[in-house]
Each structure stands twice: as C-alpha cells, then as structure tokens.
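S.K.: Go by the hints and put chains B and C onto chain A.
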Amino acid sequence: MKIYNGGPIFLGILVFLAIALFPFYNNFGKVNAKPEPKVDTPAIQEYEKANGKKECIESKEWMRGEHMQILNQWRDSVVRDYNRTYKSNSHPNAAPFNMSLQSGCMKCHSNKKKFCDECHNYLSVKPYCWDCHIQPEEKEEVKS
Amino acid sequence: MTAIISFIAVLLLVAIGYVGGSAGPSVRFLFGVVIPYAAFIFFVGGLIARIMKWASSPVPFNIVTTTGQQKTLPWIKHSKIESPYSAFGVVIRMALEILAFRSLFRNLKTQLHEGGRVAYGEAKWLWMAGLAFHYSFAIILFRHLRFFIEKVPVAVQMTDMLDSFLQIGAPLLYATDVVLLGAVTYLFIRRVAIPQVRYISLAADYFPLFLIFGIGATGVLMRYFTKTDIISVKMLAMGLISFKPVVPDTIGAMFFVHLFLLSVLFAYFPLSKLVHMGGVFLSPTRNLPNNSRAVRHVNPWNYPVHVHTYEEYENDFRDKMKEAGLPVEKE
Amino acid sequence: MSKLPKPAELAKVSYQLPKTGWMDTPVEFKPGMFCHGSKPKSLELVGFPNPREWRPADADWKLPENWKEIIIEGIADRLKKYRSFRLFMDICVRCGACADKCHFFIGTGDPRNMPVLRAELIRSVYRKEFTTAGKILGKMAGGRELTLDVLKEWWYYFYQCTECRRCSVFCPYGIDQAEITIIGRELLNLLGLNIEWIAGPVSNCYMKGNHLGLEPHTIVGNLEYMLDDIETVTGKRIKPTFNRKGAEILFVTPSGDLFADPGTYTAMGYLMLFEELGLDYTWSTYASEGGNFGFFTSNEMGKRLNSKIYAEAKRLGVKWILGGECGHMWRVLSQYMDTWNGPADFLEVPKSPITGTVFENAKSMKMVHVAEFTADLIKNNKLKLDPSRNDHLKVTWHDSCNVARGMGMLEEPRYVLKSVVNNFVEMPEDTIREKTFCCGSGTGLNASENMELRMKGGFPRANAVKYVHEHHGVNMLGNVCAIDRASLKALMEYWVPGVGVCGLHELVANAMIMTGEKERTTDLRGEPLPSVAAKEEKA
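Same order as they appear, the protein sequences are chains A, B and C.
In the numbering used here, each number is its position in the first sequence, counted from 1, plus 184.
In the numbering used here, each number is its position in the second sequence, counted from 1, plus 445.
In the numbering used here, each number is its position in the third sequence, counted from 1, plus 37.
Simulated from the structure, these hints should not be mistaken for lab results.
Please note that the accuracy of each hint is not assured.
Stated by the list, open to error - Calculated Cβ distances over 10 Å to all of chain A for the following chain B residues:
# : residue
1 : V504
2 : A540
3 : Y565
4 : R643
5 : L727
6 : K765
As the list claims (entries may be wrong) - In silico negatives: residues of chain B with every beta carbon more than 10 Å from chain C:
#  : residue
7  : F474
8  : F533
9  : V535
10 : S609
11 : G627
12 : F688
13 : T695
14 : E776
Claimed, not checked - Some chain A residues close to chain B (C-beta under 8 Å, calculated; not the full set):
#  : residue
15 : G196
16 : I197
17 : K218
18 : P219
19 : Y306
Glycine residues also receive a C-beta, built at the ideal position from the N, C-alpha and C atoms.
Pulled out of the complex, with its shape left as it was, chain A reads as follows (with noise of 0.2 Å):
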C-alpha cells in the first residue's frame, strides 16, 4: 500500500499513538503500591480495648463512599442551624454524637496523614476542610 503525503501523516500518527499510550509508557516499570489508611491510632486502640471491636459512627462501607456528604450536612446544621446532634443509623441505640470534625472525627483519627490523606492523594481529591478548620498537629514518624 503506498502513502502519500506519510510524513505529515505519520508524525499525526505518532502524536495520537503518544497521548492514547500515555498511561501504559508512563506507569512501565513501576510497582504500584494501594493505599492503606491506618486506624491503629492510640484512641481508636483504646476503643477496641474497651469495647472489644473498631468502628465508627455508621458502618465502614457506608462511611467510605458518603463520609464527604456527612460532613458536608454537618457543616450546614451546625453553621445554619446551631444544631450539632448526629443520630447514627447503623447504632440507633447509641447515644447522640457530637456534630464536629476537629473534636469528633479526629479525636479518633488524629493520623490525617495516615487516615485521610492516603486515599485522597492516591485519587487527586482536595477537600477544603483545611481551608477553615485547624489540622490536628502530626509528629512526623520516626522511620525506623
């Protein structure tokens, strides 16, 4: 089969070959690791300790895909609303947890390195909770 016109066209090719390809050239060689967020800090330890299993105010699946959504509402209540009462649905016995991010979530998970920001950076996502709130101050881990 003759070409014509082939340099042009084989340049185009190769730029259309060079950008559909991207991902497979780009990844070659390197050992992919997956993130793995840590929840061994000493107070989810100590829950453990005393209640005999981990978990969180509704279950772990749910929490994964909609913690962004709970904290968003919980965002809305306690600024619009001054209500900062969370009902679980998973623990309708529990008593009444405290709508808060610095004094609820990170009490537990003080690791924000560790915990959030494994998943979040692994996926490009940038919540802007530090936009307003205080980071719970991290003692960079001696590597050992």
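M.R.: Below, chains B and C alone, put in the same frame as chain A:
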C-alpha cells in the same frame, strides 16, 4: 424511529453492562478486563488503519477552498489565514479549524420571509454546543488520568481544581459534567427539533449521542449518587495499564455499565462518523495552501490523454483559415 | 417545454418535508428542472461510453447490461484516486450546517438539494458496498442498494448542483459537495448519462477549439463586427492578430464573450484596452476557449480540453498567457491546469510589459487574470479614466463562485470597478465574497429547457440584487464570468427587471479615454453617455 432504535440499543448495552457487573468473578473479569483491552486495541488500531486508508489515496489536485483574498499584487491585502499561501498560514488555518471550529463559526440561518425576501441571521448555537461538547469531553478524559497515574501530576490536579472551583456539594461538582450532559442534550434536541436535521439523521447519528450521554450519566451517578469505591476503581485501572489486571470485589455494577459503554464507544469509533477526529486533519479543502499557481501541485496518477492537436485542427479548417487570412503551418 | 411560473409563485418556496424518509420517497422528474439527455454524436466525437438516443423522462435509459458493475467499479477506482472522495464519504457527521447554504435548496425547498443529502445519495451506496457496517446492517447503518431508481436520482440531483462550493465554506470538515458532484457526474458519464448542454459544447470544444463550435473564420468574423462597433463609438479602427507566432502574450477568454451580448461588450473592452496599451498579443482560434465544460464531465475530459492552452502557447512561442473574465475557467486554471498539463517551463514568469510588474503568484502556471492585469495598470496610473462616463450606472458586484472560492480573487475586480465607476454598492455581506451565491446556472446548467431550475437556483442571488436595486437604485450587475453574463441576464429579467448585466472590462472600456479617440457620445452598448443625455434633455 431511528432515534428510538438507537435509544433501545444503548439501553440494551446498559443492561448488558449491569448484568455483567453483577455476575460472578469470571464474567466481571470479562467486562472489567477483556472487553476494555479489546476495545482499546480496536480503537487505536482501527483509527490508525482508517487514517492509513485515507493516506493511501493521493490528493491529485490542489482543491483548497479559499475563504479570503488570494496573495497577488503586493498592494492588495492578502488574507494570510483564510487563503493561506505559506505552510505557516495553513497551520494557523488548521489550528483555528480544529481548536476553534472556525468554519462552524460562520454558520448562518437562512430564512425566507413573506413576500419572497431571503434573510440571513446569526446562528452560533451549533458552534457553541459543539465547542462545549468537545472541550468538556477532552477535559473529562484528562481528569480521568488521576485513575491511571499513581502520583497524580500537578496538571491533572489543577484541572480538577479548576473544574470544581464552584465548590458545590460533596464530592465537588465538576462544571464539565454539567456542560457535557447539557451539550449532548442540546445536540440531540436540535437533531429532532430542526426538521431538516431530523430528516438527514441516521441511527448512526443518534447512537453516539445516547452512548456518550450514557457514559456521562453513569459517571455522574457514581460520583454524586450511588457511589462506588474509587480506590478499587483505581486499582483496576492501574492493573489494566500495568498488565497485571485485577477486578476488586468492592466495585459496584454501575461502574461496569460505565466501563462497558465506554468500551463500546471505543470499539465503535473507527467504524463510524466519529473518525472525523482524524479526518479533519486530512481535509484537502482546508490543509492545502492557496499557491497552486506559483507551485506546481503534482498528481501521482496523471496520465497522458488523447488530445485534438493543432495539426489535426488545421487539417480540418485549413481552407477556411486561409480564406479568413489566418496564418497556417502547412500551405 | 414547460411553462415557467410567475416570479411571485416561484418565490413561495415550501420547505415542508415529505412524510416518508428520503430513501423511501420516489423521485419525480419535474419538467423545467432538468436538461435534455446527451446526443449520441456528442459522445461519439470524444469517445465517451454508451452513445445512444435517450430521454431522461423515459423509463428505459438504454444502459449497458452490467451498468451496476461499472458504477461500483467506478466508485472503487475513484476511492483509490481521490483522498477527498474517500474522506468525504467517511467523516460527515450530518450536523446540517450546510443544509440551508445551497442556493438550490433555498430556491426549491427540495430536501435532496441540501448538500449533505446530495452527498448521502452516493454515500448510502458507498456504505452498502464498501463498509463493513453497511454490508451487515444495511439500511440500519444508512446503507442502500444501488438500483436503477437510485441511478436516476443521482442523475437528477447531480445535475442540480453547480459545484459552487458555498457549502464547503461552512462545513466544519471542509467537505466540498462540488467534489462529490464532480465524481458523481464522472460515474454517470461512464454510462453515457450526460446532458446535451454539456456534451455538445465538450465535443465542439474538442474538435473546433471552443464550446460554441465557432470555426476559425467565424471567430474572425465575429470580432470584425465588434471592431465595427468600436469604430462607431470611438472612431478608432483596431486590428487584432490571430494565431500570430512570436507575440509576447497569448490571450484566452471564454468563447461566450465572442458570441452574444452582454459578453460581446466585455470582449470589446479587452480589444480596446489592449489596443490602448499597444500590447504585443495574439488571439488563438485553436485555443479559443478559456472555459472548460469537460471539467463538468470527467477529470480526463477536462484535461483533454485544457491541454490546448499550453500547447498553443508553446506553438506560438509566446512568453506568457493572459486570461479573460470567466468563473469556472479560473478554478480550472488555478487548481488544475498546471497539474494536468504542466509544467509550462517553456513560458516565462508573467511580467506586465506596461508596468514591469512581475506576477509572482502565477510563476509556475504562467497565466494572469485580466482583472489582476488591469488592477496593476490602474494602480500604476497607466490608464486615462473618466469614470463619469459610467454615471448612468449604479453598479453592484457579483463574485463568481469559482473565482471567490477556488482562487480567492476578491479585491482586484473591486479595485478596478471602483476606479471606473462612481456609483458602486455592495450587496448584503452574507451574499458576497466567499459567501457569494451562484447564478444558478453554472456547471453547464445554463440551458433553456431547465429554466425553472435556473430561476429557482438563482433566487438567492437575485434576491440580494433586488435588495440593492430597491434600496440603492442599483441598475447594473457587474461580474467576471461568462456564464454569469449569459445567465444572470435571464435571471434579472425574471426576478429584478431593470437591472442589467455586464463584465468588468465593458465598464473599463467605457471609462477609458483612448489616445486619438473622437468625442464619445454613447457607451459600448450604443446608449447615450450621461453628459450627452443631460444636454439632450436641456435642448
């Protein structure tokens, strides 16, 4: 009618994707790994094959469409882009065509008024919707790189941020999601609402619209409503591109619908009008300079033809020519 | 011949679409909308296939048994030869931007006259025969069997397109319906399906050197009449030369200018201009046609007819070629001639002997448009002009399709025009320059039996003229195209009575003060000059 058939076809594809995504591990492997691989290979290979097919036919004549003043006498203002003389002019003309849809921007609406008066009005909606559709699609594709690169590059992060700068809801709403679905909807509505456009529309015109709408809609559903475990999705994506495919159990069926529709789009691409993506670069009425009077354009299959020579002509008319006082070669 | 409806009736165009899809709507051959079929003699003379007596309205077109095979092979062959064809078959997205840009659609309301649908006529067969999806899915994929009805549909609609390229200006992929019509007509010609209004001129041009079939002595005779008229107007006797070896310049113009008014006035304009300049030039009776109706039948025939221009230039030993005012002639010269019959390395780069200007933009094909030539003269003050001699005219300018969209010559004629007339008005901007409308009679459709088609196709152009006629009192429509001069006259008489048609060089010659001329009292048409008319009125 053709619209309905296309709609049903896409619904069927949705159902297939859903059933596949809800089935056991081997079927999920088929839908999560085998079909996407096959579709991608078909897309890349098919599009290149199509371009090579075009490239195997020569451009025998310089048939540039001039939309501006030719280069001529030095004191006449030459339209360097609309009637390009140099390669540089052609590059600018093509860039405007591809990046800004220059020709579509010219669009007019012709109307016949009472009393037989024809009037021409502005008609920029198609141009706007076309641009909105293509650019939002491109941005969305680019944003998806976050699933294919372990350490998401700053450019992708920035795009993501800009796309969601309105900070509506959580997860943040992407402007391009809204624009894409809006533009596709507009393109569909104009196709059925404008009688002439409806008249020329084929199933092949509705099908990609529904398909792309389906891809966009399932993406939106997953992000804002039904949710999916995107960590697992990224693991699937990374597995695909590093040729160590895994299909985590935690991925919901909705994602498989999304992925299956996308696979269909990829596979369908080289067989359909969507090849205009590559074809627009090769259009000889746009990508040639208007210099055929100064630089000879060569036709590779130019062949000798029968002509009626002067000699034959003179033989036919010699006496009449002499009588009229015209010079002749042979007395 | 069918009776032509009144303008008021024809202006009521219905854009109502048929209830059925276009593939299921049979085509009705309406009298007045198509031309006579080609005569066997016209085809035989040039060796075109299937010469026979036939009538388009008849059921039996007397086709060869394997006609379908011929067409399919013809398509396959052209897909390999023309990237444009293959590409334009594949990439249309049917956005509809072209739909209401076609003068034939605007004038007829017939959906098959939307450029996109005209292309689909052939594209549907391409899908069915040449694409996988079409082979399997058939009609679902927009495919369609090639039947005799389809072939007739092609004939009817490819002879309702004037290859004006207006659609290609608006297409986001530059799909050019002209290109598809060119190929469609090539295919039809494989079966001898031509129209006599094209086939006749083609055989004339091949044998006698020009479309009209003017034999050498007739050309000389026709010019003599013009020279008499010039003498009457200016008192000067001009003696042009024919077939003269050693002339510096060969002059080639469409033969229409030698035959009927108002083209003859344009030809008189050339004669007077070249005389005044003392140009060393010659006419040719062998290459006595600038236009090329062969281009409306097949690429090969176009090349065969075009070959005479370079051949004659070589025989006569001229330095370069000057071309007259014509539309499709200049598309062919600009975009095809050098490729077909070049390189013309026996010629020199055109240089005006009067001003010394070198026409670099024509340095390979070596042919200059007379409007470029004259614009250069005027810019360099080489002509004595009295534009007030054209003061009885209010002129508007019609850009000829091919010159505008296949060459890009927009400003040169305007510059000349503004120098030779005092009253110039542009038509609305969406109807001029690259968006200009066809006269409705191009590509060999300027016959008389299809007058209704011509008036419908010319409707948008006439409409724009009507606008400036009513608002600005325009009474003259200028142009640089022989087909325009022949066809716009009928179009104006029908749609905008009171507007005349003229070539650019008629106006130039009217305004040009020649050395030693007597005091002129009339213009080239024998109409009293404005100054004389004013005096007469006083007396």
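S.K.: Each hint should be assessed against the structure and marked as holding or not.
M.R.: Hint check results:
{"no.": "1", "hint": "V504", "result": "violated, 7 Å"}
{"no.": "2", "hint": "A540", "result": "holds, 13 Å"}
{"no.": "3", "hint": "Y565", "result": "holds, 36 Å"}
{"no.": "4", "hint": "R643", "result": "holds, 34 Å"}
{"no.": "5", "hint": "L727", "result": "violated, 7 Å"}
{"no.": "6", "hint": "K765", "result": "holds, 47 Å"}
{"no.": "7", "hint": "F474", "result": "holds, 28 Å"}
{"no.": "8", "hint": "F533", "result": "holds, 17 Å"}
{"no.": "9", "hint": "V535", "result": "holds, 12 Å"}
{"no.": "10", "hint": "S609", "result": "holds, 30 Å"}
{"no.": "11", "hint": "G627", "result": "holds, 18 Å"}
{"no.": "12", "hint": "F688", "result": "holds, 29 Å"}
{"no.": "13", "hint": "T695", "result": "holds, 38 Å"}
{"no.": "14", "hint": "E776", "result": "holds, 15 Å"}
{"no.": "15", "hint": "G196", "result": "holds, 6 Å"}
{"no.": "16", "hint": "I197", "result": "holds, 6 Å"}
{"no.": "17", "hint": "K218", "result": "holds, 6 Å"}
{"no.": "18", "hint": "P219", "result": "holds, 6 Å"}
{"no.": "19", "hint": "Y306", "result": "holds, 7 Å"}
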